[in-house]
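Engineer: These protein sequence lines are chains A and B, in that order. So the first sequence is numbered by our numbering: it starts at 1 and just counts up by one. So the second sequence is numbered by our numbering: it starts at 1001 and just counts up by one.
One or more hints might be untrue.
When the alpha-carbon atoms are kept at most 30 Å apart in a straight line, the in silico DSSO-like pairs for lysine-lysine are as follows [what the hints assert, rightly or not]:
| hint | chain 1 | residue 1 | chain 2 | residue 2 |
| --- | --- | --- | --- | --- |
| 1 | B | K1013 | B | K1072 |
| 2 | B | K1013 | A | K119 |
| 3 | A | K45 | B | K1013 |
| 4 | B | K1017 | B | K1072 |
| 5 | A | K23 | B | K1049 |
| 6 | A | K119 | B | K1049 |
| 7 | A | K45 | A | K31 |
| 8 | B | K1049 | A | K38 |
| 9 | A | K119 | B | K1072 |
| 10 | A | K38 | A | K119 |
| 11 | A | K45 | B | K1017 |
| 12 | B | K1064 | B | K1049 |
| 13 | B | K1013 | A | K38 |
| 14 | A | K23 | A | K119 |
| 15 | B | K1017 | A | K119 |
| 16 | A | K23 | A | K38 |
| 17 | B | K1049 | B | K1013 |
| 18 | A | K31 | A | K119 |
| 19 | A | K45 | B | K1064 |
| 20 | B | K1064 | A | K119 |
| 21 | A | K31 | B | K1017 |
| 22 | B | K1064 | B | K1017 |
| 23 | A | K45 | B | K1072 |
| 24 | A | K45 | A | K119 |
Here chain B is said to cover these stretches of chain A; the calculated rule only asks that three of the stretch's residues, wherever they fall, bring their Cβ under 8 Å from a Cβ of chain B [claimed, not checked]:
| hint | stretch |
| --- | --- |
| 25 | 9-21 |
| 26 | 49-57 |
| 27 | 60-68 |
| 28 | 110-123 |
| 29 | 134-140 |
Label-pair ranges, simulated between beta-carbon atoms [said to hold, decoys possible]:
| hint | chain 1 | residue 1 | chain 2 | residue 2 | range |
| --- | --- | --- | --- | --- | --- |
| 30 | B | A1089 | A | S113 | 36 to 44 Å |
| 31 | B | A1092 | A | L80 | 29 to 37 Å |
| 32 | A | L35 | B | A1089 | 52 to 60 Å |
| 33 | A | L13 | B | K1013 | 53 to 61 Å |
| 34 | B | K1017 | A | L13 | 58 to 66 Å |
| 35 | A | E55 | B | S1087 | 31 to 39 Å |
| 36 | B | G1012 | A | T86 | 45 to 53 Å |
| 37 | B | L1021 | A | L13 | 43 to 51 Å |
| 38 | A | M49 | B | G1020 | 27 to 35 Å |
| 39 | B | G1020 | A | L13 | 48 to 56 Å |
| 40 | B | G1012 | A | I39 | 15 to 23 Å |
These are computed hints drawn from the structure, not numbers from a lab. Cβ atoms here follow ideal geometry from the backbone N, Cα and C, with glycine treated the same way.
Residue-level listing of the chains:
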Amino acid sequence: MYDLIVLLVLLALGYGFGQYAEKTHYRSIIKRENLLRKIPVIASKFPPMYRNPPETMLVTGGIVISVDYFKRFVASLRNLIGGRVTSYESLLDRARREAILRMKEQTRDRGGSMIFNVKIETASISKGRKNTIGSIEVFAYGTALITQSS
Amino acid sequence: MMLLTNLEIVPGKRITKHLGLVQGSSVRAKHVGRDIMASLKNIFGGELKGYTELLHESREEAIKRMQTQAEKVGANAILNIRFSTSSIAQGAAELFAYGTAVILE
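So that you can see chain A by itself, here it is in the shape it has in the complex (with noise of 0.2 Å):
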């Protein structure tokens, strides 16, 4: 019974305080994208060839981040029947593109233009119990080119 009531309180907790967080996230990560539309990225290996060559520097965007309670119940849900996951799909969608926008933001503080060879990793970071994917790892990087302007 007490059982019960604690995880009933988990589940009312992540489901509150998880969606908050996800909305939350989710507007920020939209308003930032139409901020640095501006900042093309690229997954071509070879960079235009321009008839002042561009400086180029390395540019690197991570995050941690972790499911709520509520998701991750729902996930060992759908463990059993199958089918798509919803509840990871939305954490990593966030999760990369947080990733590319960190990536961005280096890129434009630097003065950057645009982003080369653009490679998204990921990994899960695990949390110990049954192997769920307590929390994930993105990681996204690329080669940003500095044009002069000219």
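Fit chain B to the given chain A structure using the hints.
Structural biologist: Same frame as chain A, now just chain B:
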């Protein structure tokens, strides 16, 4: 000043000599305070700022070690840099950076 890039070429510069692979790694463990915060965050969800910082620091460390190795062989740039992360034990992660050391003209 060492030039770091994950492209295979540097625009406008020629590679005069390849010096081979250079690498750097760093293994970090989290400390207890951060662990407690993290387990709270596992209920509420959201960014684990402590971990983000920790991984950032250790990646910088890995880059620094790679750079020192490149300096030793006399390179002035590292091209085609790649990163990889692996969790080797519970609570510890290895961050690894590698690339090709070259001399640019």
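Engineer: Look at each hint and say if it fits the structure.
Structural biologist: These are the hints, each one checked on the structure:
1. K1013(B) - K1072(B): The hint holds at about 22 Å.
2. K1013(B) - K119(A): Holds, at about 23 Å.
3. K45(A) - K1013(B): At roughly 16 Å apart (the allowed maximum being 30 Å), K1013(B) and K45(A) satisfy the hint.
4. K1017(B) - K1072(B): 15 Å, holds
5. K23(A) - K1049(B): 18 Å, holds
6. K119(A) - K1049(B): 22 Å, holds
7. K45(A) - K31(A): Since the Cα atoms of K45(A) and K31(A) sit roughly 29 Å apart, the hinted pair holds (cutoff 30 Å).
8. K1049(B) - K38(A): 27 Å, holds
9. K119(A) - K1072(B): Given pair K119(A), K1072(B) holds - Cα atoms ~28 Å apart, limit 30 Å.
10. K38(A) - K119(A): Measuring from Cα to Cα gives roughly 19 Å; hence the hint holds.
11. K45(A) - K1017(B): 21 Å, holds
12. K1064(B) - K1049(B): 22 Å, holds
13. K1013(B) - K38(A): 27 Å, holds
14. K23(A) - K119(A): 27 Å, holds
15. K1017(B) - K119(A): 26 Å, holds
16. K23(A) - K38(A): Holds, because 25 Å separates the two Cα atoms, which is no more than 30 Å.
17. K1049(B) - K1013(B): 39 Å, violated
18. K31(A) - K119(A): Satisfied, since the Cα-Cα distance of roughly 23 Å is no more than 30 Å.
19. K45(A) - K1064(B): Answer holds: K45(A) to K1064(B) is near 24 Å, not above 30 Å.
20. K1064(B) - K119(A): 20 Å, holds
21. K31(A) - K1017(B): Roughly 45 Å separates the two Cα atoms, so the pair is violated.
22. K1064(B) - K1017(B): Holds, at about 22 Å.
23. K45(A) - K1072(B): Within the cut-off at roughly 28 Å; holds.
24. K45(A) - K119(A): 10 Å, holds
25. 9-21: Holds: 6 residues of the stretch 9-21 of chain A have a Cβ under 8 Å from chain B.
26. 49-57: Contact hint for the stretch 49-57 of chain A vs chain B: holds, 7 residues under 8 Å.
27. 60-68: holds (count 8)
28. 110-123: Result for this restraint: holds, n = 5.
29. 134-140: The restraint on the stretch 134-140 of chain A holds, since 4 of its residues have a Cβ under 8 Å from chain B and three suffice.
30. A1089(B) - S113(A): 36 to 44 Å: Holds, since A1089(B) and S113(A) (Cβ atoms, about 42 Å apart) stay within the stated range.
31. A1092(B) - L80(A): 29 to 37 Å: 32 Å, holds
32. L35(A) - A1089(B): 52 to 60 Å: For L35(A) and A1089(B) the Cβ distance comes to about 40 Å; the hint is violated.
33. L13(A) - K1013(B): 53 to 61 Å: 55 Å, holds
34. K1017(B) - L13(A): 58 to 66 Å: 59 Å, holds
35. E55(A) - S1087(B): 31 to 39 Å: 35 Å, holds
36. G1012(B) - T86(A): 45 to 53 Å: 47 Å, holds
37. L1021(B) - L13(A): 43 to 51 Å: 49 Å Cβ-Cβ, so the 43 to 51 Å window holds.
38. M49(A) - G1020(B): 27 to 35 Å: 28 Å, holds
39. G1020(B) - L13(A): 48 to 56 Å: 53 Å, holds
40. G1012(B) - I39(A): 15 to 23 Å: For I39(A) against G1012(B), whose Cβ atoms are near 21 Å apart, the range 15 to 23 Å holds.
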